[in-house]
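Visitor: Here is what each chain is made of, one letter per residue.
Protein chains: 2
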Amino acid sequence: MKYQVTFLPQNVLTHVPGGMTVFNAANWAGLAIDSTCGGRGTCGKCKVRLADGANSITDADHRFLSPAELTDGWRLSCRAVMHGDCVVEVPRLMTSPKAALLGYGRHVALDPNVVKVFVRLAEPSLEDQRPDIARLRDALLVEGYEPRPIPAVLRALPRALRANDFAVTAVMCGEELIAVEPGDSTNRAYGLALDIGTTTVVGALVNLKTGAVEAVQSTLNGQAPFGADVISRVSHTMTEPDGLLTLQARIVDTVNSLLDQLIATSGVARDNIYEAVAVGNATMLHILLGIDPEPISVAPFIPAVTDALTLPASEIGAAGGLRLHPQARLTTLPHLGAYVGADIVGGILATGLARSHDDKMRLYIDVGTNGEIVIGSSQKTLATAAPAGPAFEGAQIKCGMRASAGAIEGVRIDDDVRLQVIGGVSPLGICGSGLVDAVAEMVRRGLVDPSGRLLRYDDVQGRLPDTLLERLVTIAGVRAFRLSAPEHSIVLTQQDIRALQFAKGAIAAGVQVLMAQLGVLAGDLHEVLLAGSFGSYINPASARLIGLVPWVPLERIVAVGNAAGEGAKMALLSFREREAASRIPGFIEYVELSGRPEFNDIFTDALAFPAPPVGAKPHARITA
Amino acid sequence: MKYQVTFLPQNVLTHVPGGMTVFNAANWAGLAIDSTCGGRGTCGKCKVRLADGANSITDADHRFLSPAELTDGWRLSCRAVMHGDCVVEVPRLMTSPKAALLGYGRHVALDPNVVKVFVRLAEPSLEDQRPDIARLRDALLVEGYEPRPIPAVLRALPRALRANDFAVTAVMCGEELIAVEPGDSTNRAYGLALDIGTTTVVGALVNLKTGAVEAVQSTLNGQAPFGADVISRVSHTMTEPDGLLTLQARIVDTVNSLLDQLIATSGVARDNIYEAVAVGNATMLHILLGIDPEPISVAPFIPAVTDALTLPASEIGAAGGLRLHPQARLTTLPHLGAYVGADIVGGILATGLARSHDDKMRLYIDVGTNGEIVIGSSQKTLATAAPAGPAFEGAQIKCGMRASAGAIEGVRIDDDVRLQVIGGVSPLGICGSGLVDAVAEMVRRGLVDPSGRLLRYDDVQGRLPDTLLERLVTIAGVRAFRLSAPEHSIVLTQQDIRALQFAKGAIAAGVQVLMAQLGVLAGDLHEVLLAGSFGSYINPASARLIGLVPWVPLERIVAVGNAAGEGAKMALLSFREREAASRIPGFIEYVELSGRPEFNDIFTDALAFPAPPVGAKPHARITA
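First to last, the protein sequences are chains B and R. Numbering (the working numbering) for the first sequence: 1 to 624. Numbering (the working numbering) for the second sequence: 1 to 624.
Simulated from the structure, these hints should not be mistaken for lab results. Treat the hints loosely; a few may be bogus.
Computed from the model, here is a short list of chain R residues facing chain B with C-beta under 7 Å [what the hints assert, rightly or not]:
1. 81
2. 84
3. 303
Note that the Cβ used here is the ideal one computed from N, Cα and C, for glycine as well.
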């Protein structure tokens, strides 16, 4: 049951489920209501006037608002729970919060989950025997914070206060008080944004005071020796004793060595990194947290947990965990389902999909072994995962390789074949974006027919120049097209084209199922967002031509880069965005394709290379 | 700011601070409102009608109550926060809860903090892909519980569900889901009540389903080699590197060996002990939790924390902590101040002091190195600690010893001296209760004058029989009275009598300060409750005669035994009582004696042995 809430004077309208607070509804709609405590009812700043549908008066309201204000409809928005449509008057922000441009053109208020507050406490006396923690708590309450001290803080507090003349900096991570530091250290606060991919792990060290990224590093996931994809990783946990612990130790080691590099590069002190936010697919994050991932991998595909989780970073794995501040916390963003994970939630956060008030229809695709697909607007959004297989990663392709030096990443076929090779070296193989380009160009030039058949010399003789015809070869009885100069012998086989058809067909079918369910046509799509490194390198025209994405004007196809990692950064820098991320699963319907009888038909149809719409002009990027 | 709440039809009236819920106010007043979730807003059973001062409507109210009920003033009492006086109509309990007789004649509803619920979950399918934890949570919500799973549960859940056909028992400790067990294990739930004394540690293994105590054991606190009292223990933490960790390890070892004995005696499985509740003085509990106790020991006497704390039992100390269920929780009751600790809060809970609706004035004294004193009624209660010194423990007494075999524990002086000796053996020394008895009898027989002077042979010659006179001896120039037969040579010296005077004078002065502050006279006291083992063995007539307790009719002086431990048991067996315990500090004013200029005068006056009130008859127990 959703209710409509209208914010004035901005005249922003959104729909949220009953039981949500007005404060969170505003965050969801991208409106920043004043607050220092983060919606915990302790700072009293987030007051709004409920012009209509006035709410019950809570304890916190009584603490911060006068009887006249209460009568007039003023309430703390973080305590006001919605039970019906309402109209909310939001006062102008007292001070405009510092903000950073993050994600896909999103303006994010800097109000990180980690807050450091310097306090100078009155020294105890026989007349004032408040326990140490009460003394500190009282001082923080004055500043609008009411954190829960963790045991480590209680253990260290007596000495920390007395060694520093009762002048200390409280470090709060969310609702927890995780550390007390000598003197005023409020200027040193950092967080780690982690994107844990099956293949690659990316870490960004973020300055929580300024929003600046101090350092970024990426490295291979140390689990790689146990298999290239999530299924082989899960198999290892099932078949080997302590397999899960082994894999967990590998990813913990990977993150720790990333951290070492980030610290070395940036000069930031380890003890000033108080929090990590991690995104990744459900299997990767289950393994990171030591949670049995097995049921994710077999029908009916059930994760143990999809909620956002927060736990001590030191408790991840057996050997002391992630080496941030000893009391640092790790938060994972939530998953939408077994195969639409926190990385996609990060991407949705970063792109504003499902939340923008413009009500424009957007399609988000993260192309990989699993193609994750999200489509919708703030009205309604659907998500699914399509089993694309490893073709886009260059696997199961005769001359396939990862997108590294020597990989053909772009292909243009005119009178002859022109290649764009990563690193500008001689080609060693072809990566996913090169494969898409190559096949698109072969389709465009009529070397491959709409069914995906690689034509024979006889079929195209006279229609195409000899420079192309001589590239049609047969290797060990298999028809192929030679992409490189003869001495490098890089070819694309009929099987390779079939593999690409299966991969793009799965994603295209998934897109079609969701579009049909929403009643959306290609022309309704305002943007097609391609996420991940593959999305950044793919030629939009080629992707469209082979039918990987619906036929929309090219300028509507946008690469959004590592949107997952951007989402993690946003969650680090803004608790409101994190709150919004934790609500994303409640706003998005997860569609399971496996169970659908119609999926196989749609998939079969989607294997073909469709003719462009009448009058449409295919484009191709000029390469090399 | 306190408000008055009246419960109907019981017509029970209590005063509670604003901001408290009606549910907690009822518990405070000893009324059990129906509830299975423990006041967490999830079971919907605790509804009451706010006949007057009707409350705002909360989210939970909307979930469980009809619009008609809401209009009629019905609310969930656990969500209804009080902002003024109110009158509350409480429906009759649907089923009367099982109860146990605990503490000092208190009838305690069995609703332990540890709850086990058996659930049989629907197996997942492609149509029902809820994550494991959501599946479990949904099933528990139907039963009225909404726990927060700890990471260990998430780690084990996929296997636990699938190995048991999705039929499991959820183990909840407070708001946390701490374990999931195969099949139906709801009948096995135990808790550990711990009374951690400076000298002695007592553990009781309690059956949380029946309220029965399965086993009780006591043992010496393993910290004893580091000093007999809290001050020497704290010194050790200050002067030795890792001194705090050493002492913590000692008490953890002590509790673990107690546990081994309790388990061996009772046959209860270790993995079915899910929770421990500990009471003890602030120093002992700080050390148990690894919190620096140093500032407790020096003026102005500041504990790090006085709140009730809950943390994983496995995290107490370095080596795996308390060996209960691996995910068991330890809860400590709150302290009132540096020297009125959780043991006294346990005693207040067990005796109902500060909560009984009879409004009778009660005095509670726990006699030891520190005499803790609590006095009051449900209207107002004060507490303090008086520095009695070690005389009551038999220390600094020439022939003093602990209350063990061979200790004189009772003395009667008529024509001769008659002794009661622990174990019925030849006397080896005298313990605290014997000391009180001996001095009281010597005062009664005129061997000691009101100022505490031991009279000389010449002073009493002719007035007392020779059997007594010949016991007046001088040993190394010090006057003394021989208690035993000459061959055992157990004497009481003038110094011993002075030591007792200082000890009882400190406590008596503390009592006087509190009584004066409350405006209470001895005749107003309905009961004088003597807690602890000393309180159990002391002769009430002697305690009264030496002025340790105010002069009240003897039947009003009651030994309440190990009330601290009873309080711990109550907190184990009833979350309502635990909730009440956590509120006790808010209802009791802690009085610091050190800072009071008048204390020394009152103390000096209290050293004397006062004459009984006119017409009063001293009594003495007939011994041996």
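Visitor: Hint by hint, note whether the structure agrees.
Guide: Tested hints:
no.	hint	verdict
1	81	5 Å, holds
2	84	10 Å, violated
3	303	5 Å, holds
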